[in-house]
Amino acid sequence: MNAKKINDFLKKQPVALCCAFLSLVLAGVIYYRSGAVPAAASQLADKTAEWEHIRDNVKNSEQLNEQSAALTQAMQAIEARLIHADQLASNLQYFYRLETETQTKLTDLRQIGVSKSKTGAARIYVSVGYAVATQGTYLRVMDFLRRIENSEHFCHVTSLTLSHTGGNEATGPAAELSLRLDLELLGAP
Amino acid sequence: MSLLKSKKSDRAAVSLVPPWHPNFRNFERLPDVKVVRTSFFINAVAIVITLGLLSYQILQEYKVHEIGVQIADLQHQIDANTKASDQAVQLFKKFQGEEAKTAEVAAFVKTDFVLSNFILDLGRTLPKTITLDYIDAHENGVSLRGTIQGTPDQASGEASAYIQQLKADAHIGSRFESISLTGLNRGTQGGTGLTFELFLKAKGAPKS
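Residue numbers (the numbering used here), protein chains in the order written: chain A, 1 to 189; chain B, 1 to 208.
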């Protein structure tokens, strides 16, 4: 009896029946597609982040070419001032040229070793140690020291001893002094 | 009298009873005479629910479509700029490498203690009665040896005054943690004057 009533009711309500069927289908579709918006939003967030990263890279690199070119040029100038530890004759020639220019007399000149640069965390370059002893008047010795400190090579004086030359009785500007230096020159690796 | 009274009370009782008649209507066979039929409400509710669900799903799909359009737009921009970005990244890595080299060179040559300037400062502050014979500068500090002219009494006073002068000097005193006299002896040549030895301890140098 109930089934007959339901059947009659359904026959009387075809629109409602269709709507109910459509609603069921739509509910299924809604359930099936419920993750589409969050997934698309997540993908959009990822793409936005990627785009912002790329955009920042491009924006921040607007002057990078010029800056890199300037730095490269500076690096070429720096590398021209580095010494090469294995080129002993060339390295010692630098000190002999200073001797000539300052009119001092080198009494000791030794390349005492190569070590990694103590300064800087990167330790890209090496420092080449030298023991240098020279003699001359105060003005000439000071000239020698000044030229060493401001040399064409990158120099770091680690210790200095300045004293009267033994047996020299002269005083004042004519006094003969002995200058002993331990220094490091920055060298190419 | 009593009869009259009873007739009056019967009429009152009859007037209180509702008029009675039989109801022969068969409701199942009678037509639906409601102004708004039940099926209208059923259909309306069903259509509203269906349209609501449909609208919701269309809105969701529209949102997905909109996001898809935005993603496609971003992807287009990403594709157009990826090459430039990669080049920039590579160039920046090269830049960083060279920057590290310059930083190392700068750290190597950086010093706030120029020895030639220090020697000139010593010469500038040196009293006429004192002669420096030996300067030894190293990581921990500077040793000075020299001679003070005059009688021992005068010379020892000169030594103290020289130390105070070095400490007070803006270019020398501020560079060292302490300046101390480590030796004071009679001169070996002819007995006049005193030889002295000073140690100027560098700031941060380990205690000896």
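To be clear, the hints were calculated from the coordinates, so they are not data collected in a lab. Hints may be right or wrong, so weigh each one.
To be verified - In silico SDA-like cross-links for lysine to any residue, where the CA-CA straight-line distance does not exceed 25 angstroms:
id : chain 1 : residue 1 : chain 2 : residue 2
1  : A       : Lys47     : A       : Arg33
2  : A       : Lys5      : B       : Ala46
3  : A       : Lys47     : A       : Ser68
4  : A       : Lys47     : B       : Ala46
5  : B       : Lys93     : A       : Ser68
Structure-based check of all given hints:
The straight-line distance between the Cα atoms of lysine 47 (chain A) and arginine 33 (chain A) is roughly 21 angstroms, inside the 25 angstroms bound, and the hint therefore holds. Distance restraint check for lysine 5 (chain A) and alanine 46 (chain B): the Cα-Cα separation of roughly 19 angstroms lies within the 25 angstroms cut-off, and the hinted pair is therefore satisfied. Our distance criterion of 25 angstroms between C-alpha atoms is broken by lysine 47 (chain A) and serine 68 (chain A), whose separation comes to about 30 angstroms. Between lysine 47 (chain A) and alanine 46 (chain B), the direct Cα distance comes to roughly 42 angstroms. Violation of the 25 angstroms bound is thereby established for this hinted pair.
A distance of roughly 10 angstroms separates the Cα atoms of lysine 93 (chain B) and serine 68 (chain A); the hinted pair therefore holds under the 25 angstroms criterion.
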